[in-house]
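As a plain string of letters, each chain reads:
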Amino acid sequence: MNSWWCGLVLAAMSLPGGVSAQTPSREPRFEVTGAAGLQAGADLAAQNGDLRANSTPPQPFTLFTTESRVAQSWLTEGRVGWRVTPRITVEGRLGYSRPTLEVSAGADTEGAPPITIVERIDQYVVDAGVVIRLDEVRIAGLMPYAAAGAGYLRQLHEGLTVIEQGHVYHVGGGVNRELWTPNGRLVRAAGLRVDARVYFLAGGVAPDVVTQGTVTAGIFVRF
Amino acid sequence: MKGQVLIAVVALLLASAAVPAAYLQFAVDVNGHTTPLRWKSPSVRWFATNSGVQNVSAGAMQGAVARAFDTWQNVPTAAISFSFAGFTGATPFDEDGISVIGFEDEPDLERVLGATSFVIDDVTGEIVEADIFFNAAFQWSTADAGQPGRFDLQSVATHEIGHLLGLAHSALGETELRPSGGRRVLASSAVMFPISFGAGNIADRILQPDDVAGVSDLYPDDDFARRTGSITGRVLLNGRPVLGAHVMAFHLESGEFVSGFTLNDAGEFQIAGLRPGAHIIRVEPLDDADVDSFFDLGSIEINFRPAFYSRVVAVPAGGSAPRVDVTVGPK
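If you read the protein sequences in the order shown, they are chains Y and S. This note's numbering numbers the first residue of the first sequence as 711 and each following residue consecutively. This note's numbering numbers the first residue of the second sequence as 146 and each following residue consecutively.
Derived by calculation from the structure, the hints in this document are not laboratory data. Computed from a prediction, not measured in an experiment: that's the story for all the values here. Hints should not be assumed to be uniformly reliable.
Distance ranges between label pairs, derived from CB positions [to be verified]: (1) A462(S) <-> V881(Y): 29 to 37 Å; (2) V881(Y) <-> G463(S): 51 to 59 Å; (3) P221(S) <-> L896(Y): 53 to 61 Å.
Beyond 10 Å from chain Y on every Cβ pair, some chain S residues (computed) [stated by the list, open to error]: (4) G345; (5) E398; (6) V457.
Positions of the beta carbon are idealized from the N, C-alpha and C atoms, including for glycine.
Based on the provided sequences and hints, a complete structural model is requested.
See below:
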């Protein structure tokens, strides 16, 4: 995340809460969030081009090696939440990112020149989870929360060919800060939200489970 | 009455046309059309000869061959089955209307462990009869764990039954020349590789992804086409099409190999039966076995360096990846 943007978000969150100090007539239950941020890169497990060697017991014969990496990328996401109890919200999320997949192939036993291939992937994550408000550690107007959930992963190659589908699991948390609490009939509150999660991606282009961190900041509106 | 033609196919020597698909399929020219060799019936009956060899009785031979048939029959994406019809006094390679499998003493074929022959319907290209012989000039074993100095009958039977089904040889392997002549296999990833791992080795009892893709493409079950994808393209050297290049598709997630060849003057290839997902494409000259053990295409190009394709190829389920052109350089 660019430092100026991060600073802007933190500065906004340190403002005195509630531009409009009027208390809503009822607790808002429905929340919509739009956010953007960064998705960390991840090294994928190396996958060798192994043939069966002529040996007993069988051993691999490595014809060539490959290494793959999903690079860091921007991430945008939308969240829709429904407050079930004053502390617990059920939340759904659609996240979209366009990381590059970097694949290197080399160490070829027959001398094929090594190569590094860089390709774009469109990555969609649809997940659902539980957000628990941590009233006990509330600091000034900052309301921290913890979150966990699971969902569906879809990775499309350039040209929109589906490469892989899989599952995601996530844990994390964040803080939100109400900045505006109008006494309107529709919008009950609005503010800023900073969210950090660790995603475990299973069944994507990587042969193993990939761990990816995300940090996003955005605006929420409660109805 | 339909005409029938006997085609003798030796494990280490193949002379027929080939279908430009993944792996390699036998094909015949029927009324000017290249038609894959395949059984029309989804259930194939076979007989075993009633004579064994030293260390392997007729019953032990039949058991090893039955296990090899089971291996192919158990491919989940293929719809083909086999039934043992009994022992017979008939011999392999006779055109007698039944498919016979057994030993034959062929000391002159000093590098041939086994061979498969076909009788085909020359109007439809269907296989009417297929026989397999195992060369009794070699030492054989049916021991569970193999036996040093003896060739594993089940492994060789698995290879020959691949031929019986219509598969030709795969080039997924690496070899080195022996000082005494012939080649030694360093590694392979297909039961249908033309050269055996050697005496005592039982690795070829287990089908590899290339074999599974091949038999499934010939005898697909209802879901095979929907669950797998394909790659098509061509190979170019100095702007000219390359004939006879070996094209390998490597699935990045699973590490599986499935391969094919460029089999026409346009240098085109097709690799079908691929697991969906991201693949690396590697092209190499066909220099790890005698070219005529794969196909008879005339002058094929082997004077180029192996190369990787410059893109990751995403294979969709039930479809084909965008066409790829792979450029290779001279040696």
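Results for each hint:
1. A462(S) <-> V881(Y): 29 to 37 Å: For A462(S) and V881(Y) the Cβ distance comes to about 31 Å; the hint holds.
2. V881(Y) <-> G463(S): 51 to 59 Å: Violated, since V881(Y) and G463(S) (Cβ atoms, about 35 Å apart) do not stay within the stated range.
3. P221(S) <-> L896(Y): 53 to 61 Å: Roughly 56 Å apart at Cβ, these two residues keep to the hinted range, so it holds.
4. G345: Incorrect as stated: the minimum Cβ-Cβ distance to chain Y is 7 Å, not above 10 Å.
5. E398: Check fails; 5 Å does not lie beyond 10 Å.
6. V457: The claim breaks: V457(S) does not keep its Cβ more than 10 Å from every Cβ of chain Y (closest is about 5 Å).
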